[in-house]
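> From first to last, the protein sequence lines stand for chains V and F. Going by this note's numbering, 68 is the number at position 68 of the first sequence; the sequence numbering is gapless. So this note's numbering is basically just the index in the second sequence, starting at one, shifted up by 414.
Calculated from the structure, these hints are not laboratory results. All C-beta atoms, glycine included, are put in the ideal place defined by N, C-alpha and C. Treat each hint with caution, since some may be false.
Distance condition first, Cα-Cα at most 25 Å in a straight line; then the derived SDA-like pairs of lysine to any residue [stated by the list, open to error]:
no., chain 1, residue 1, chain 2, residue 2
1, V, K17, F, A690
2, F, K438, V, L25
3, V, K99, F, L422
4, F, K442, V, T132
5, V, K34, F, G512
6, F, K442, V, T115
7, F, K434, V, G107
8, V, K34, F, E595
9, F, K691, V, R235
10, F, K691, F, S510
11, F, K442, V, M137
12, F, K691, V, M137
13, V, K99, F, W586
14, V, K175, F, A424
15, V, K99, F, E595
16, F, K687, V, L25
17, V, K34, F, W586
A short list of chain F residues far from chain V (calculated; beta carbon distances all over 12 Å) [claimed, not checked]:
no., residue
18, L450
19, L515
20, I545
21, F692
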Amino acid sequence: MSNNPEIQNKDIVLSVKNVSKSFRLPTEQASGIKQALINWTRGIKGYREQNVLKDISFEVERGDFLGIVGRNGSGKSTLLKLISGIYTPDSGSIAYQGKLVPFIELGVGFNPELTGRENVFLNGAMLGFSRTEIEAMYDDIVSFAELEDFMDQKLKNYSSGMQVRLAFSLAIKAKGDILVLDEVLAVGDEAFQTKCNNFFTEIKKDPSKTVILVTHSMDSVKKYCNKAILIRDGRIVVNGDKNDAANLYTEDNLKSLQTDKHETNENPDKYPLGLNETVPYLKCVPTSEVVLSSQQNFEFDIEYEYTKNEDFDLAFSMLDMTRGGIPYDTGAIPMGRGGSGRHKRHFSLPLNIFNNGTYQITASLRKPDPKNPNETIRIGYTNEENVCSFSISEDAHGSDYALLKYDAVKLTQQ
Amino acid sequence: MKQLWEKLSARYRYSWILLKELVKTDFKLRYEGSWLGVAWSVIKPLMLFAVMYVVFVRFLRVSDGSPTWPIVLLCGISLWNFFNEATTMGMQSVVSRGDLLRKINFPKYITVVAATIGSLISLAINMAVVIIFGFFSHAHYTWRIIFLPLNFAELYLMALGMALILATLFVWFRDLQHLWEVFMQVAFYATPIIYPLTMVTQMNPSNPKVGMTVQKLMLLSPPAQAIMDIRHNLLSPENVPTVWGSIHTWYIKIIPVILTAVIFLFGVYVFRKNSAKFAEVL
């Protein structure tokens, strides 16, 4: 848990070996002597074991920028607390070299009744810096936070943005060798964001600084990190490649969106939203990967059942979940006459004109409107449970901004 | 020797930095927002003394008849207040800094030490007031003051040891706060502070042996022993009896000191053994 001579290789600054951690979650509130006695006499354990981390091993080299990603509850924060020494592992070992500065949360120990200046010294002391050491960093911290005029004000008079800026500046200007950050990105206004962005880009190049970052932003992972770890249910699924980790994470999220909804379907007897007697079944099912590059096609089936013996149409739309809006709609595709039984039709959607983002396919079955030959009436449509989603994820410069790639539009100049 | 010193300072550097900042912050925040600020730390004991003096010396007239009784009474109350405050604040210190414990790794005992040192600062101010008053209240200052550092160290270690045990238990059992409050109230009246020990001796004139036994038992409690010693050595060697003068068997005499050492060491042991789990439980 501390500076450890066991680390033979000079370049490995953090080594986590076979670390497991479980928590006892109290099933009954046992924070009193009475309850403890009752539980003891009845032989109730009063808790159940939850294995949060299982056999985690990885190494971080000097100068690495490691991203740790995973869905909520996967054990990322527990891992970070173990690295920071706040928790002790049940088994396995953690060793590091140099000064490790943890930021599980920004501004730990900040006191609203103290001035900004006093808080910097207090917070610094908590991170293990003496007064003289902080005095040396002080100007740097304050100017980065842009709070020169406010340092003698009490913290309670700061806006929340100012507090966060001060805390964040402390975090990144602290002279540590290993910086441990838990979802602390994206604070402050746009100008401050840009500054942080520059800082991280710079620290990424610094071979002496090591950063471990827990985040939900795959953009940050791809931008700053050189390595990443994906944790799923307490186990490492991807160890090393940042693109694999980021893509698999996105995939995990898309999948969970679909499984979550299955469980919430409470009325299996009645037709779910969007479906009815005429259209008892309509579903989009992906048949290719769901995290793709723009060179690939998104392949999917639309499975349907149309019970009435009449002509009907199919239409589907592509929704841009990242930017909003509907970039594409097929219009009515004639499907012939309906009948009993489920059918499916396969589609392949080229993605070459689209930039990065998460997209959703929604479909509807329609029939011509007898009153207005130009219109169709929607008979059934895919609800949230029956839509399907996919992501385009690429590294290329500028591929996150606009929906369309710049060469998707043939621009002419005069 | 020098190497040992460097080793020690490297090991306790972080603790020392943090302890200084926490004590400083606590002291600053104690009177934050009040008009008189730090002056309260002197004014408050003075005002409390005035109340005690009027109630106990003027109205209740509980006294051993000696001219030093008022100042002995004030000194005893200050010392008891310290013991009460240090153990109570120490007990709550880990839980009240729970937020910190869950976010950052630092030696947990620092919170307890910081809380007890905060009480120690109050005690120092109170003692300064007592000593100044002593000059006007017939206090008899003698060479015995050289024993005072030992007496204060004993009282502090006793308080710290108790605080460490209580703080550990309090993490799991919050009932302790109320229990301890009641217990301290009982202990306060069971300790010869607001009444002179001679009163106990004379409580059953027909059978003086009972009084003598109770008196000896009272003196064997570590806080009582330390408080009586401090009063004896600082203010009134003539009128304050101590365990050393009242009990003649040497191995019974040293019981309070042994108890203090045992409680302190046990406190350190219990706290160290459990402190790694605090962050998970809180």
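> K17/V and A690/F: Cα distance at most 25 Å?
At roughly 20 Å apart (the allowed maximum being 25 Å), A690/F and K17/V satisfy the hint.
> Hinted pair, alpha-carbon criterion (25 Å max): K99/V, W586/F. Please report holds or violated.
33 Å, violated
> Taking C-beta pairs only, is F692/F more than 12 Å away from all of chain V?
10 Å, violated
> Given the proposed pairing of K442/F with T115/V, does the C-alpha separation stay at or below 25 Å?
11 Å, holds
> Could you grab the alpha-carbon distance between K438/F and L25/V and see if it respects the 25 Å cut-off?
37 Å, violated
> Is the claim that L515/F lies outside the interface with chain V correct, judged by CB distances over 12 Å?
8 Å, violated
> With a cut-off of 25 Å on the C-alpha distance, tell me whether K442/F and M137/V pass.
24 Å, holds
> Taking only the CA atoms, is the gap from K691/F to R235/V under or equal to 25 Å?
Holds. K691/F to R235/V sits at ~23 Å (cutoff 25 Å).
> Between K34/V and G512/F, is the straight-line Cα distance small enough, at 25 Å or below?
The hint holds at about 23 Å.
> Would the hint linking K99/V and L422/F be met if the CA-CA limit is 25 Å?
18 Å, holds
> K687/F and L25/V were given as a pair; does the straight-line alpha-carbon distance stay at or below 25 Å?
Roughly 21 Å separates the two Cα atoms, so the pair holds.
> Holds or violated: are the alpha carbons of K34/V and E595/F at most 25 Å from each other?
18 Å, holds
Violated hints, in rising order: 2, 12, 13, 15, 19 and 21; the structure is consistent with all others.
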